[in-house]
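Protein chains in written order, with the working numbering: chain Z, 27 to 559; chain F, 61 to 481.
To be clear, the hints were calculated from the coordinates, so they are not data collected in a lab. A few of these clues could be false.
Each computed SDA-like pair below joins lysine to any residue, with the alpha-carbon atoms no more than 20 Å apart [what the hints assert, rightly or not]:
1. K242(Z) x V210(F)
2. K102(F) x L141(F)
3. K242(Z) x V130(F)
4. K306(F) x I284(F)
5. K459(Z) x V130(F)
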Amino acid sequence: MATEESPQVTRRATRSYSASNTAIESTNLPESYKPTINDLGFRQQPLRLEDLLSSFPGRRSQILELLRLLGPLNSPMFPILVYGGPSTGKTSVTLQVFRHLNRPFIYSSCITCYSPRILFESILNQLLFHRKDSGHSYSSVKRCERPSDFVNYLREALENVLTNLKGNSGKVSSKMSGRPDGTMVYLVFDNLERIRDWDKSSTILPFLFNLNDILKMPEVGLIFISNTSPDTYYLNIGYVEPIPLYFPDYTEDDLRHIFMANQTNSRLYASFLDVVLRPFCRVTRQVDELAAAFSSLFKKYSEPLSDKEVAPNEEMKRRLFSHIRPHIASALNETFQVRSQPLLKAETNEETKKTNSSRMLGIREDFDKIDFHMSTSAKYLLISAFLASRNPATLDASLFDSTGVSDSRKRKRKASEKSMDQKEMAEQELLMKGPGTFPLERLLAIFQCITSLAEDSLDEEESHELTVEGGSRGLMSDVLLQLSSLCNANFIIKGGSCPLEGSTRYRTAVSEDLALKVARSLKFPLSKYLYRR
Amino acid sequence: MGREKEKEKLSEKALNLLRSRLSDPNFIFRPLSDSPDSNYSKLKFIISTSVTEACNNSILLLGPRGSGKVAVLELVLSDLLQQYPEAISVIRLNGLLHSDDNCALKEIARQLCMEHQLLFSKVASFDDNSQFMIAMLRECGLAHKTIIFVLDEFDFFAQGKQRLLYSLLDAMQSVNSQAVVIGVSCRLDVDQLLEKRVRSRFSHRKLLFLSPSKEDTERFIEHILSLPMDSSLPHNYTAEFNGRLKKLLSDERFKELIDTYLSFNFTIGHLVRFLFQAVSYMDLSAGFLSLGNFKTALSSNQRQPKLECIRDCSVLELYMMVCMKRLEVKEQASYNFYSVMTEYKSIHDSFQTSDYYAANVCLRAFEHLLQCQLISFIDNKGHNQSVEFRPVKLLISSAELHQGLKSYQQCPAILLKLMDR
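So that you can see chain F by itself, here it is in the shape it has in the complex (with noise of 0.2 Å):
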């Protein structure tokens, strides 16, 4: 019974030291950024020759989500904090929040005054706020240190007049400032959306972070799942998991799961998800990973929404749904909830089933459907239109609503009969 416990807390330990390492950006991207060809090498000198040699620049991050710009980028920067501590400060925007000019400006104020240790006021102007990031901009030029502004979501800056795109570079051209840009985005045709005078100040300097190849994905998880022999976990336990491990990795299923996830989401952020889903699912009792707890979390990615929705209809909803689907099967252009009703009736009366429900019910049916997004209004502006004459339309085509009736449990005959009319 100890000893159970004990090989409890050990695969605790375990899993937690997992968990955090598939949690934690940095430890992740540090060793694909080890070559010199490597995004991570190029950025890193392109940012510190301008940190050295006092000049402006601008740069484009681009990659789909999950590819780890910003994880790279973060391991640049606490480097280059490392190496130069006084010559660098960081200022953060983010397009989801910032957007808005106004916003961005006290941001940025804000954050400026929080590195220098000045007072921030919360009611600074626009006018104020630009011209204090003017002045904070000449000031650090003649003091030798450079501003690096990161703009996550770049595409959301580059929406609306680009106020802020365009002030920013504008500064930069002046003779005294010395600040880098750095945009990162998911969009690769970002640059196509600035306008001409923002596009004209800036340097089309893009870097492209792709998915790594697949003896470098194999070569990855491996180093990920495997526990470090010099932790605090007992030897003999780190040995036995990482053999384990290894023999996992080589199983020819296992390559197959992981090329099926892959094909869906191919960045190194979703299979660090892929990846987390699969140690949470570790058997605490046994201790060691299995292929039974990836496969769980590949099923688990795969589902079908729709055909889970349909199964948890009742058989008046499946009724519902089946007199929508030959309503426009008859061609009938738009249908409301009328009209499915005198489509019931006139099934009912054709073949007598045993399912005739009033009114009331079919309605709070009806609505069961709309609130699974099964069916929905076709516009959004019939407030003045009670819910029963608002025309609808199915959200699921007819094969997904047969294979659904299939795979429904005690499924009434007639239904599928109708389907196949």
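Here chain Z stands alone, though its shape is the one from the complex (with noise of 0.2 Å):
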């Protein structure tokens, strides 16, 4: 009998409930951790300033500017905003200069916050020494919704942290015993450009911006980090303006630097960036960007070396240029992917091939696949949806009659000079609109259609991957489910509801190429059904 599975409960509780609890019951709960004042403070080693400086190459000028607006120890300051570029690197300069100074902050981005209430508790969290943990089931210390509330909490928290850090001051050296420095405590806001799609940014970001005045507490310093210039911030409710401080880009000279960082073999690597550092850098400059381009070409660089750990000379250099060349024109073409199945086929592909040549065709032979799976009637409707939003509606009967024969054969005229203008309005508005709206019950007619002609075909081929025998029902649920996922996987977009109907209409947000390359992976001729004005 499975009475562990299903005990006697007095309130009804379904079995997996039943089971799981029984389970947490029987395990000791961790200890869990408890963070105290010494977590303030960045719990490493500190830094000295050279190492800052020589860690973060370009950045020379950006450290020493933002140690004078900290100041010295217990020194008010009035609010800063970095901003810069993406990964112009002014959180980890911000977070390192925190370990570098050794002072007690107080960290939160509003990607992990993203909601203003999120945002508050996270900082009274962290102010007031509370671990989410699965004893409370992970809820805040105190419950903050509105920023009244979240000034009232943040002040008895900052007060009870400053008189804390005010004890701890008289006391021996903070060095010895890990203990941050100094009484005043620094709250980092860090991608606040995100504030700006929050539902409430028109009471949050004055809010935070007029947060020093409000506060009043000479004590605490406030730093905002933003990806956007202060001028996207500008409201109807005006501030007195933190103080701005501003990340460039990098240069090229820079961005050698920090490549050339933590390279075992260093004069390899700077004959590599000098080919490809330039071109690399006209498409785009920043380092995330060109770190995820120059790593996979750098392994196609070294291939035709032998001893990797080598400095190459001048004819070496020319030999490696001429291997590389083919390669950065197409790596300029990529953007970073992260390929779903594994580059074991295509490196034993490039090893049996030798020419050139074959080796250019390996390449295209991997784009026309797609390289993700999809179960075929979820591919069937991807087609169908593709061209319901590209056929007008009008051209479904005589594309898809009942015998299934697309016939798709205009009769041919001479174009003359107001067709061609009037083609060239029709295609610059067929790209200004995009893909247009279906309802639902026009996709699963095309999809009928289209796999009743797949029907014929594969039982030619004795394949039993579509199953009809189930009725015309059975597939009908079966496709509503794989609509429904490809809504959420954004290749199919739900648009508003139709105004007379009121039924929800659809939309394809698949390009032509992926539509295109799934067709053939199915062997459906797709450009034959496809309307060309």
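Need the complex rebuilt from these two chains, each delivered in its own frame; the hints are there to steer you.
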């Protein structure tokens, strides 16, 4: 008798719930970590100024300016806004500066704290040394939704922390005990530009910028970090602007320094950078995008070398350059991709084929395949959605007649001037409007036509993938499930509802390339069905 | 070596002193309030007469941001609290936090409870709180204690139905209450926002806070930046510091600099922030303020963010912006990513540029431009269209784009030529 799984409980409970309950009670809860005041500082080896400056090439003036604005120990400050493009090192520089200065700070990012309530509660949790754990079912120490409550709780919590810090400062030097220095607390707000997309941004942004005046506590310093410049925050309400600190994008020399750091064979990498850095900098100057492209390209670059540690001379450099040159052009046209299927197949292909041209063919073959998995019915659904968006509804009858033969041959007429102009305007309109919307019934109708076609061709090949034995009802429920998963994956977008009928309309969001790839994998002649003006 | 370290320590101390002074509003506004016809004295007179004569009053403090309204008010209140310790209690509300009536009454009740050591219940309803407030007003009036309500960002309280204002001002009309309502706002016409019934109960007293005159500003700067003689710093260092400061302040270039800054931001608050920046840039090894500090502070305030953004763009992103500019010139009303791509292709076909990249790389550059806010979507509601089809517009003018291209290092000549067409 499975009494373990369904015990006698007085209230209604599902079997899985009761099973999991007993499982939790039997194990011991691990000891949770209780944060203390020392956690407000960076709990790592303190950093000297020279190490700080050398670990951030090209950022010397910004680091020095930040240090000057933060000022000596226990000196009050005006709020600072650190801004610059993405991946220019704003967050890392700020955090490392705090590590160097060993002062207590609270960090919260508006990406992880995506609503005012979470932002306020995260700050309060850190100030009140509360850690969310399973003991209190992962709740915060105080429930705080409104800015007025936040200010009251914040004042209390800050006063506690400040008295704590003042008590500590009288004692032994903090370098020994790992305690943070000084009697000021700094609040760091990262990714401030995300707040602009929140619902309550019109109250939260002025609140944050005026927080200094509202709190009126000189022992609190505010630092805001943002990806966008200060003029994107101008609102109806004014505020005395925070002091701006600008992080420009890296120059080519800085990029060279950054990529040369931590390389085992620096001379080989230097010759590699000489070749690739300049063309890639014309496309993008962001470090993360360049790093992704360089890492795979460097592997290809050093392929012909048998000994990876050797420093190349001129002749070797020329050889390596001619080897890498065809790959650069294709790499420039790629963005960072996470491949779902391993690259083993591609590598074996390359090893067997020796000539340049067939290696390029290998690359092209990769581009033709889709590299994620979809079930057959999902693929047909995707193609039907693409056709429904691309073609106007009036063409459906002629394209998908009962015999399944497509007939898209138009009578050829001589193209006159006027019709060419009209064609151009119509093309432009099509570009501007984007894919059209379609109701669910039309999608299902097209899907049925296409799959009946496919059935006929599949029967010839004796494949048993599509089961229509269950009747049309069985196929229908499967299709609706597939439709909702395609919507979740953003292949089909659910649009607004039609004002007359009230039913929802859908729109396809895939490009023509992807639809052609999917059709090719099914051996479906998509181009015959596409309506070309 | 030891002398240099000592000098650095001295300058650090001086720096600390100046920074804490500049961050302390009390210190800043006290000397400006010394004369008898300043706002400080007027305000003090009004409030103290209400306290001593046990009458109700209301007043508005108006002025641009940073002119010291709340600072002067706090000075007045602290002086009065010293003068009449038992006869005043202060309730502070802020429009940014408490514009909702429920919130505001809860905060009033909380502050009243804190002052009079009563227990505050968090679950009290709106009616409970308002009855509590009226009862407290009556009690304090009978005990000859004046409650002063400070409403910061007053224009937020004037939004919506103004229930809080009405109940406050109405409660003040009764014989027993003794209250003063002080509204602080940056909008000079905030009394026009009040409803008729609220405005009739409001006494139309206004105090305008204007920026001080030029001579006052100069005197103020000298007073703020001079080190006091009786501090813990050694006498000769202080004397030399003040001497150099005086020479710097009388320099023509310095006066020009301050004028330039003040022509953009003319309130004391902004000036103090500028001085704070300049003081932070003080060279610790030298130990004295120099003209270069002020110049750096001025240039960091005079940034042009859009030009900086353009300078940070890659060449491909510049191409995209130039394409959009050309589409605008061709009078195309709205354009999206695909129309920009057709223009890009046509440029490549006619000029055979070397910078022709695939669609996904261009889309990445397009999204980078969106992130920097150099372009933006025309409407925010188009979330059921993918990024490539939503119409966008350029957020910079052609003059700015031209200037940016000129100042760009190694800008391809083709782009400049295209812009000139």
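These are the hints, each one checked on the structure:
1. Restraint check for K242(Z) and V210(F): satisfied, since their Cα atoms lie roughly 15 Å apart, inside the 20 Å limit.
2. Between K102(F) and L141(F) the alpha-carbon distance is near 17 Å, which keeps this suggested pair within the 20 Å criterion.
3. Only pairs whose Cα atoms come within 20 Å are accepted, and K242(Z) paired with V130(F) is accepted, the gap being roughly 11 Å.
4. For a cut-off of 20 Å, the pair hint linking K306(F) to I284(F) stands: about 12 Å separates their Cα positions.
5. Between the alpha carbons of K459(Z) and V130(F) the distance comes to roughly 54 Å, so the proposed pair goes past 20 Å and is violated.
Consistency note: the structure conflicts with earlier hint 5 alone.
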